[in-house]
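Novice: According to our numbering, the stretch in the sequence shown is residues 1 to 923, in order.
Please keep in mind that the hints were generated in silico from the structure rather than gathered at the bench. Some clues are possibly wrong.
[Claimed, not checked] When the alpha-carbon atoms are kept at most 25 Å apart in a straight line, the in silico DMTMM-like pairs for lysine to aspartate or glutamate are as follows:
| no. | residue 1 | residue 2 |
| --- | --- | --- |
| 1 | K801 | D741 |
| 2 | K901 | D818 |
| 3 | K822 | E433 |
| 4 | K373 | E834 |
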Amino acid sequence: MAALPHRNIVAVYDIVTNDDIAYIVMEYLDGGTLSERMRSGVSLGQALSVIVQTASALEYAHTRGIIHRDLKPANIMFRDGVVPVLTDFGIARQRDSAAAALTQAGMMVGTPQYMSPEQINGQLVDGRADQYSLGVLLYELLTGAPPFTGDTTLAVLMSHLTKEAPPLPAEFADFQDVVSRMLAKDREQRYANLNEFVAELKSRLTRSDTLLTRLQLNPDQSTSDQLRDLGFDAMTPSSLPRMTGSGSLAGARIALQGTGATPAPVAQPSLWTRPAWKWTGAAFAILALVLSLWLMLGRKHELTHDEQELVQFRIEKAELRLQTGKLIGDDSAYQFLQEAKQKDPNNMRANELVAQIAANLAASAQAALGENKLDQALELSNESLLVRPDVADVQALKTKIADTQKAARNKQQIDALVQAAETARTSGKLFGEGSAYASLLRARALVPTDADVQRRIRTLIDDELGKTQKQIDSGEFAAAGEALAALEPYLGSEPAYAQMKTRLGLAQKQQQTAAEIIALLDRANAQLRAGHLVSPVGENAAQSLGELRKIAGADARSAALAKSLGQALLAEARKQDAANQPALAIENVEFALQADPQTAGAQDFKTQIEQRLGQRAAGIARALSTAQAALNEQRFVPPTKNDAYSALQELLKLDPENATGKGLLAELPKRIATAAQAGAAKDAAGASDLIEAALKLYPVDTNLVSVQAQLSAQLARESAEKAAQARRDRIAVVVGAAAPDVDKLKGAAQELDALFAVNDASAETRTLRTRLIEAIGNRIRASDAISEFDAAAALLNDERKNLAADAAYGALVGSLPDLRAKAVATEQARLEAERGELVLNAFPWARIEAVVDANGKAVALPPDTVTPLTLTLPAGSYRITFKHPNATQATQVIAKVDAKKRNAYNAAFPTISARGYFTRAGF
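Could you build all of it, start to finish, from the sequences and the hints given here?
Specialist: Here's what the structure looks like:
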């Protein structure tokens, strides 16, 4: 029995030999026997509850190789007056023990009325012999008499061997097949085990409305709850079923034959009534009352001498275990200290030793870390924290160990990825799935600061982009653009790629600017040769010079053109002066100085003419030339410095009737509109600013207003395209990453939704949609857990509106069932490989109050946590809290779960000392 910790089996605490006396310290049961209760009658519900719970106890013993062989009502007692407890394993034998001496050839063992045929014949027995005896007991509980009787023991035994049991009364016909099978003469025809019997009994109840009606324990309860109260499934050691009603089988009692009429039902017949106490029982009740009052008055409980000795004994045992390094687990220092603390929760020495256990475990963890035994170090730190959770230094040590483990795992993975990258590079697979770059990206994702990985990525990128740089240097811009476009899906998020793309853009712009410079120079030189120096409007050398200065003001060719234009204008001015046209001469000399202030002789010639013309005429000429120069260089209106509008206003102040000035001022809005439209292709924002400035001077000019509307629309388009490109860039970064998580993919999908919401159906956007579907598919295939798989699959479903138009979407969705089945199988295999069984026992029994893992997280427990309890948990260490209702203190066990193994841990709740047993026994 010491090896059978079960709530329905009597607990054995100790077996002691003292001189010539041997005694067993067992659980004290004060609820009487089943045979005593049967004399006064038991209800149907009580009968079934006893049978089911006894079957549970027997099956537990059978699975551990123990056969009771003497099951009868006298060997079933009650704990706390309500819980049936199987006792008297005195003639029990271990099934596989060759040394068992009780069952010998020709020797039968047991009580005749309950013996199986194989016991009577002296054959070797197994659990089906106990099943037969339980069938006899069930028959007797239902009918009030055993199935086989006789005037002599021999007659009873022969009945077992030769007769069939009388049929059950009609009201119990639903049980007939069950009882008949249990009482089969040939044990091969009985149930294979008692679990099968209990399942069949439960099935009979659930399939029979008549039985359920008769067993209506509580109208507010569900059928499953009522069955649980009978002892099915949970079989909790709570009060047995409460039968209601009168005249029904639920309320009726079944009496043994020969005891008279069946007693009338009472109001609550289902409650087991405790047997009458003798005077000693009354004394104990009075003592309990006195003790309760004493505790209520606040008196501190003092340990008896026996209890003090027990506590000291446990502490000494713990100290010995500490010295030998047996810190936790069965027969350990921690276990002995828990037993001591059951009696004396605040024992200072026990608490000191618990702290010492935690400290020793932490020290061992530190030593293991120093030897690079990381798994062992982590396990030891976990165990230390399970013993004492609140030690900050150990928490820090655990974090350090975990970080070291992670770094080691990362290094191992990085080494493998680097090797894979090198293999792919050697074979020429630089980019794409399974490429060198993809492997290096995964390595970088593990440790972004790894210098070797960074160097390898940089080398790979530099080598590839170096080819593009050569194309740029040789002016092969189209080829360079194609190469960058091909690399964008992979390198789009790399800074080096962005820099190369910028270089290509600058090179293309420089090429375009160079072409524009040559075109302007050719045009200006042709205008010089044709004598078109400052006129006609839009087709003169001065205007071409102004445009050239805007794009290449520092270019030497601009300076050379300015010098040539200045000299040509000075020569024209001299001709006009010689022709007695000083006003025209002064205008051209002003143009010459504006084109090239260093034009030789221009300043002196200007001074001579001004002296002949006078200040007013000179001012008019200067203002006109300034306006013309500003117009040529498109400095139209304020706030631009030296603008044409201001110069023309100055001119008309000096000469209000100046026809040239009036004409230029009148056509200024048109010039501005034309210039803005021409410049919008390159700089829409600058063109818009020009129009805004012009509208301040010409607010109702229809041409300017129209151009403003056009530019606003263009700016809106450019802004939208810029935003769209930014979205596309962000999507490209996500889908180009090695293993983006679901949240990042969801963000990319939302960016794609925004693009389609504004009718962006560009080729680039459609390509990104395909790549996003591929990235989601890769995430689905790479998921380590079903939760990750389902999250990625849910994203695919949520985004079907915009993704379904792509052929890749349908293909991926169609493959999901097979992919998920594989993922489920993979996860189950992984979990199975990581899990182990934890069997929790307690003497006599207990409830598991809590199971906490090494991270302090509580494990979800089943509804019924009564021991024995088997849990399947991931490998690791756990703190188990056991609680017995009669114990003042819970006890804890540090348990370890090993993958693919079954580990058992025990707790004990001795409720009475050995001396107490002897005293109650009358010694």
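Novice: Determine for every hint whether it applies to the structure shown.
Specialist: Do the hints match the structure? See the list:
no., hint, in the structure
1, K801 x D741, "holds (21 Å)"
2, K901 x D818, "violated (31 Å)"
3, K822 x E433, "holds (21 Å)"
4, K373 x E834, "holds (20 Å)"
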